[in-house]
Every structure is written in structure tokens, then in C-alpha cells.
Amino acid sequence: MSMQHTTDHSQPAGAPASVHEVTSLNVENLDVQELERRLELAAAAPDPGCWILGKF
Amino acid sequence: VYTVISPGFRSQVQPSIDATAAVLGRLQERWPQEVVLGGGKAPLKTLDYYPYLFLSAFPSLTPQDIEGLSLAGLLYVHASLLYDIVMDRTEDAYLGTVSALRLQAMQMEASHLLYQLFPPAAAFWEHFRRYLIEYADACLQEQRFAVGARPWHDYTEPVALELVVKKNGLSRIALAGLVELSRDNSRFAALVEATNLFHIANQMWDDLHDWKDDLHNRLPSLLLSRLVPEWPVQVNDTQCRDVYEQLGRTLYYGGHAHYVLELALDSLHRADRLTADIPDLWWHDVTAPLRDKCQTLLQDVDHIVRRNMQRARVQPRFTLCLPSALDPWQQVAWDSLDFILRQWQMGFGEVRHIMSLPARHGFSVSQDYHSSDIFQRALIADALCDANELLEGQLQPWLDYEVAYLVSCRLTSGVGGWSYYPSVPEIAPDADDLGQVMQAMLRAGHQDAVKEYCEPPLTVLLRDNARPDGSLETWILPTYGRTPQQARQAEFNRSRWGSGPDNEVMANQLYALTLYKPLDYAATVQRGVTYLETQQEDDGSWVSKWYYGPYYGTAVCLRLFAVARPGSPAIPRALQFLRCHQHPDGGWGLDEASDPLSTALALLGLAVAQDRSGERQDYERAEHALTYLQRSQDADQGWPQVQFIRPRMHDPYGSRTITSMYVLKAAVAWHRWAAAQAADRYQKIAVMGGQ
Numbered sequence: 001m002s003m004q005h006t007t008d009h010s011q012p013a014g015a016p017a018s019v020h021e022v023t024s025l026n027v028e029n030l031d032v033q034e035l036e037r038r039l040e041l042a043a044a045a046p047d048p049g050c051w052i053l054g055k056f
Numbered sequence: 001v002y003t004v005i006s007p008g009f010r011s012q013v014q015p016s017i018d019a020t021a022a023v024l025g026r027l028q029e030r031w032p033q034e035v036v037l038g039g040g041k042a043p044l045k046t047l048d049y050y051p052y053l054f055l056s057a058f059p060s061l062t063p064q065d066i067e068g069l070s071l072a073g074l075l076y077v078h079a080s081l082l083y084d085i086v087m088d089r090t091e092d093a094y095l096g097t098v099s100a101l102r103l104q105a106m107q108m109e110a111s112h113l114l115y116q117l118f119p120p121a122a123a124f125w126e127h128f129r130r131y132l133i134e135y136a137d138a139c140l141q142e143q144r145f146a147v148g149a150r151p152w153h154d155y156t157e158p159v160a161l162e163l164v165v166k167k168n169g170l171s172r173i174a175l176a177g178l179v180e181l182s183r184d185n186s187r188f189a190a191l192v193e194a195t196n197l198f199h200i201a202n203q204m205w206d207d208l209h210d211w212k213d214d215l216h217n218r219l220p221s222l223l224l225s226r227l228v229p230e231w232p233v234q235v236n237d238t239q240c241r242d243v244y245e246q247l248g249r250t251l252y253y254g255g256h257a258h259y260v261l262e263l264a265l266d267s268l269h270r271a272d273r274l275t276a277d278i279p280d281l282w283w284h285d286v287t288a289p290l291r292d293k294c295q296t297l298l299q300d301v302d303h304i305v306r307r308n309m310q311r312a313r314v315q316p317r318f319t320l321c322l323p324s325a326l327d328p329w330q331q332v333a334w335d336s337l338d339f340i341l342r343q344w345q346m347g348f349g350e351v352r353h354i355m356s357l358p359a360r361h362g363f364s365v366s367q368d369y370h371s372s373d374i375f376q377r378a379l380i381a382d383a384l385c386d387a388n389e390l391l392e393g394q395l396q397p398w399l400d401y402e403v404a405y406l407v408s409c410r411l412t413s414g415v416g417g418w419s420y421y422p423s424v425p426e427i428a429p430d431a432d433d434l435g436q437v438m439q440a441m442l443r444a445g446h447q448d449a450v451k452e453y454c455e456p457p458l459t460v461l462l463r464d465n466a467r468p469d470g471s472l473e474t475w476i477l478p479t480y481g482r483t484p485q486q487a488r489q490a491e492f493n494r495s496r497w498g499s500g501p502d503n504e505v506m507a508n509q510l511y512a513l514t515l516y517k518p519l520d521y522a523a524t525v526q527r528g529v530t531y532l533e534t535q536q537e538d539d540g541s542w543v544s545k546w547y548y549g550p551y552y553g554t555a556v557c558l559r560l561f562a563v564a565r566p567g568s569p570a571i572p573r574a575l576q577f578l579r580c581h582q583h584p585d586g587g588w589g590l591d592e593a594s595d596p597l598s599t600a601l602a603l604l605g606l607a608v609a610q611d612r613s614g615e616r617q618d619y620e621r622a623e624h625a626l627t628y629l630q631r632s633q634d635a636d637q638g639w640p641q642v643q644f645i646r647p648r649m650h651d652p653y654g655s656r657t658i659t660s661m662y663v664l665k666a667a668v669a670w671h672r673w674a675a676a677q678a679a680d681r682y683q684k685i686a687v688m689g690g691q
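Residue numbers (this note's numbering), protein chains in the order written: chain A, 1 to 56; chain B, 1 to 691.
Hints may contain errors.
[As the list claims (entries may be wrong)] The calculated lysine to aspartate or glutamate pairs, modelled on EDC-like cross-linking and capped at a C-alpha distance of 16 Å, are:
id, chain 1, residue 1, chain 2, residue 2
1, B, K293, A, E36
2, B, K212, A, E40
3, B, K293, A, E40
4, B, K212, A, E36
[Unchecked claim] Derived DEER-like restraints, expressed as beta-carbon distance ranges:
id, chain 1, residue 1, chain 2, residue 2, range
5, A, E28, B, R646, 29 to 35 Å
6, A, E40, B, Q310, 22 to 28 Å
7, A, E28, B, K451, 35 to 41 Å
8, B, G393, A, E40, 16 to 22 Å
9, A, E40, B, K517, 40 to 46 Å
To be clear, the hints were calculated from the coordinates, so they are not data collected in a lab. In this text, a Cβ means the ideal position worked out from N, Cα and C, and glycines have one as well.
Could you build all of it, start to finish, from the sequences and the hints given here?
What follows is the structure, given as C-alpha cells:
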């Protein structure tokens, strides 16, 4: 399990400057963004405690 | 949004609620305007008429009998909610002062009402005192944990749940009032226990939803006690994103979200069992939606976690070596490519479009929420093809992986093709998905896949969904011999999202035909282009049905026209539209404010027609836009989410990866243009030198 990401800005134009290496079973590759979006959708559903019956 | 409780509740209780409102209005007249009694103009909530929810458990009482109790409860609840403001936001002196005054006023008025209902010796007052003592104890305990005065390891599950119950004891007061008024305490113990369990369930939901806020505001919760070993957690602004990402991973993949949702569901189940023998209890209308919400969320969280774990185990290794950028355009392209690669490594979860399409809305589905990334990943693959040409094929393994993914997502029944949400049988395959997948496959060198998987639906589209005016329908459905599912899809097209041609979908599909077999499909493409010429707006743009703003439709139409009818007068009109709408900051936007997605799309539109219809000033416009794109870039190299797809009213979809993908495409296009201009100048100088 490894991930490398290096950037070398001292390289001349055209030379390799950025390297990604990704392998499987990398914990960093487990996404949370979709789960958070799903949670937000659940929260955006009509509030069961928010009915509009009359006006105070 | 009107979520209507049982019709019986409305008809029986509304007169009492109106009567209570009138009394509250008279009380309000005595107090200064700022000292608002109750919730003011906010919509009514459950707690505003809480005692009515339990009326059927006390058959001797009528709604009129409990109007006073209900109003006192309303005042007391809002007073107790203000405690949170006073305790949590002491830095705001005015807010603190007003809150304290409102709190005092409401408690006084509530007490005045309650003294009229219950004599001093009534058991009700002992319940009230006990509640207040427990509430005080819970608040103080919580504060001690919050500031670290009590060890974090003492914040165990039993302690956390005890605090929840003690802080929500007002329920018991409402029930005690009902008992006193009805002289019937047979249901009291069960109802107290049931409402305690409901409060626990509700708190578990809140803990999950608000975990970042709780962490930020140093509010302890059961979920946080499982998540962080030390308290309070010190997080500065620069660490925030990383800390939240790591904790979020632990929260979901460590099973903690699952745990609190299970706890919520178990609590609700026990609450239901305790009240199952009380007929027509309106309170169940409050517990049921919370149960549904937790249930569907738990299913989806488990599913997403399982899918991601599985993918992370099998996703292949990919190595990318980016050369140093030759110009600022290429630097922007490499930044977005870096960001997109990182999203790919995480399975493109950020890209997924999740929508609620539940069975109760007529869909033949077993789950409420549906998630898809087919169209988005075909778009991204197309942008990767742009970058791949600059990287001498280095992205090919990545592209092959993406094409295999798209193949795996195809429909295997009916006419085949791709549906935006394959898990919803009522959604037919469509020409937008087909056209985008074709482009991705063709540009990635997978012509065989196009022949095998795209030709069957394409044949149906061109045979049965083409109109005499040259337009093509968006939905791909055979005219004859429809299966029951296809008949149902046609009905949903008619009644839900509409049938007929859509400019941007047509332009995308026809462009795919120009890439696939330009000679074979020349007549179809020309008829379609003629139709699209008639659809151009007076200002030179094209309206999109499925996308926000004019820039997506205009960019894809320009792309088609540039290859299919480069001499069309529609092109200079469209370019003029783009030129006229650039903002002073260099960007384009859906309104007065610029955004990076509209800017990238406008840049793409300008770029595709440069060969024949460009102006010298277009490059200056593009360079101005480049500075806007550089300024709007986020710290992690990506670009912000902007509204993109419009599946239905007020339900926008946007994605940081999609914005970054269009920035990549625009940057590659203008990098090429700049490089070609430089090469041209170099050649002219060389020729002149040779002379």
C-alpha cells in the first residue's frame, strides 16, 4: 500500500516534474465526499417536525 | 414544503391552534417588540403543539382542554431553546441580552398559565422541578466535558444517553400535564420511556449530521466520543480540511456512522413497541419520518462503504509523470489533471449524482436514493483524451480502465445504450449519454466497443426518434414493439420530464457521429445542423434544457458547427455572444458573478472556432479569463463546484471534478492555440531569415 506524489519545480521545461503512484488498498483512496453528499440530501429532506399548519 | 400530518390532526386540532395563536398574540402586545414570545414568524414545529400529539392516549381530554397546557409548553420550549443561544454565543452581547429577556418573558407567561391549570400541590409541579434539576445537571455536565474539566474517557455511551434524556425532559412535563388534566396516569410511564427513546434517536441523527460543527464548537457527542481520543480537539483553519477528511474516513469506514444510525433505529423500534397499543397516536407521524430517514441512510452508507472498500482493493496502479508546464495554460491543465487523478484514485465519489427518486413518487424501485456517474465519467474521459494527446499516450491505461467501466454500466435489456440512472426502470436510455460515451470510446481508441455497444441504440435513435425537421429526440425508444418497460418509460417521458428534441443533447450526439463515421452520417448531421441553426437565440446563444446557463449549450453547438458547417453564420453570432458576456474580472457566469465552469465553457466555445472566425482580441480575452481561472482555483488545485446539470426544478447538480475537467479542456485548447501561434511566428521568422 503506497502512494507517492512529488513535485520538483526546479526541473527544466519538459522534464518529469510530478509523479503519482497509486496502488490498491490505500486507505487514503477511500472517498468520503459521496457519503457526505448523501448525508446532506437526507438532511435536506422535509423536516418531519416542520409542518405549516397555521401562523403565529 | 408542506408536510401534512394526518388529516384528522389538522381538522381536530387546527381550531385549538388558532385559538392559542390568538391568546399568544394578546400576550405579545404587552411586551416590547424585540421580546418575541414563541418562535415569531418561523414555521410551526412539532414542539409548538406537542401535547396534542399524545391526545389519543388520554381519551377523556378534548383539544380545547389542553389549549392552556399547549401554549405554556410552547412558551417553555422556546425559552429552553434560547438557553442554547445564551450558553453557546455569549460573545454577542445584544443577542445574549435579547435572548435572556425573551427567555424571562416566556417563562413568566408560561408559569402564569400553568398556575391557572394546576394547584400548587399537584404532582405536576414535582415533575417540573425534577425536570429542571435534571436539565441543570445535564447542562453543567456537558459544559464540564466541553471545556475539558471532566476527563474525556468519562464520556461513555451511558453518560451520553443520560444527558440526552435529561436535556429533553420537557416531553415528560407535557405528559405530566396531560395526566393531571385527565386524571389518568395509566400511559404515563410508557409514554415517558417512548419519548426518551425518540429523543435518543433524534440526537443520534443530529450527532451524525452536525459532527463537524460539534467538533468546531467543542460540543461533545456520543459519535465524537467514539471518533476522537482526546478532548477538546485543537484544529486550526489550515488543518481543517485534512482533519475532517481523516475523521470522516474513520467515521464511515470505521463503522461509527453505522453504529449511531443502528442505535437510532433500535431506539425508534423500542419506542414504537411501547406505544403500539395506543390507536391513532399522532406522535407516530413524527417518529415514522425519522425512522425512514435513518433506515434509507443506513442502507446507502453501508452500500457505498462496501463498494468503495471493494474498489480500493482492485483498482489498478497508475503512474503519471507530468512534465514541467511550458506556459500558464499548461500549468492550469496539469493542476486540474492532478486534481482529477486524485478523484479517480478515490473512485470519483465526488462526481456521483445522487437523487431522490422513491417508490412513493411512482418509480418501480426498492431504494429511495439513486446514484450515477456514467455521463460524468464519459465527459471526464473525453477531457483526459485532450490531455493524453499532450502526454504522448501516457494516460492510455487510465482511459482503458474508464472505457471498461462505461461498458460495464450499459443497459443489457431493451435497446441497450446508457441510462442516466440505470437503477430506475422508468428512465429510458438517452442520446446525451450515448453521444458522450461514443466520444469517449472513439477518442480513447475503442472503436470496437462503439460498434458492439453503441450501434444498436444508435440505430433505434436514428430510425425511430428522428423527426422530419432534422431534429432527434433525447430519449431512445422504439416506435413499435415496445416492451412493457419501454411503454412505461414513454409514459414517464410524457408526464415527468418531457419528450422532444433538446438542442444540447442533439449537438452532443451529432458531434459523436462526426467522430465515428462522418461520411456515413453526413446527411443526418447536416439535417440536424440546419435544425439547430433555427434554434439559435437572437443573442447568438443556444438554450439548454438539462444544463444551467447558456454556456454549455453554446459550447457544444459551436463544437459541432466548427466541424460540420464551418461557414455557418451561426458561428460568428455565437462568438459575438461569448465576447459580449465576458465580465470585467475576465470570467463568465450564470449571473453577474463569474464562475469557473461558465468561464471554461465560454473559453471552449471561443477556442473551437478560432481557425475561421477568430479575432485577434480573442486571445487577449482568453488570457484575461486565465487570470480569473487562476484566482478562482482552490488550495487543493481543483476548482469549486458550480451548478451544471438540471435534472428537475430546484435540484441542481454540480461537482468540483466536473468544473476542473472543463478547466482542463479549456486550458489544453488554449495552450494548443498559443503553441500553434508561437510555432507559426517561428516559422515565419525562419522563412524570412532564409530569404
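Point to revise | Indices of hints not satisfied (ascending) | key: The structure breaks only hint 8.
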